[in-house]
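A.B. asks: Sequence:
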Amino acid sequence: MAASINYSITFVMVALLSLSNISTSHGARSLLQLPNLPTIPSLPKPTMPQLPSIASLPTFPSIVPKMTLPPMPTINPLPNMPSLPNIPTFSPPPSN
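Take the sequence shown: its letters are residues -27 to -1, 1 to 69, numbered as in mature numbering (1 follows the signal peptide of the UniProt record, and there is no 0).
Just to be clear, a hint being listed does not mean it is correct.
Have a look at the derived ranges for each label pair, beta carbon to beta carbon [as the list claims (entries may be wrong)]: (1) Thr41 - Lys18: 57 to 63 angstroms; (2) Thr(-18) - Pro11: 57 to 63 angstroms; (3) Ala1 - Asn(-22): 58 to 64 angstroms; (4) Ser68 - Ile(-19): 56 to 62 angstroms; (5) Ser(-24) - His(-2): 29 to 35 angstroms; (6) Ala1 - Tyr(-21): 30 to 36 angstroms; (7) Arg2 - Tyr(-21): 30 to 36 angstroms; (8) Ser(-24) - Pro66: 33 to 39 angstroms; (9) Val(-14) - Thr12: 56 to 62 angstroms; (10) Pro19 - Thr(-18): 57 to 63 angstroms; (11) Ile(-19) - Ser3: 30 to 36 angstroms.
Everything labelled a hint here was simulated from the structure, so no lab data went into it.
Glycine is no exception: its CB is placed at the ideal position from the N, C-alpha and C atoms.
Kindly produce the complete structure, drawing on both the sequences and the hints.
C.D. replies: See the structure below:
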């Protein structure tokens, strides 16, 4: 049963590959039978316009004011979490 499935899968793969090769070879043959394409004429090189000059940036003051951060808020202490009760565990019986 398993051998027949393997043979049928192999047969289907060979059939698909052979059909794909037929269409590929037919397309290649039709491309070979086309007349030569005309040559592409050479185009002139485009010239780029000059970029406008960038105005100079304004000068920054030499003394920059110091930034101060606001004070941190006080944090209330977290409440104590109650402890979890112990879960009873069962040990397996001893093996002989």
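A.B. asks: Hint by hint, which ones does the structure fall short of?
C.D. replies: Hints 2, 3, 4, 8 and 9 contradicted; others consistent.
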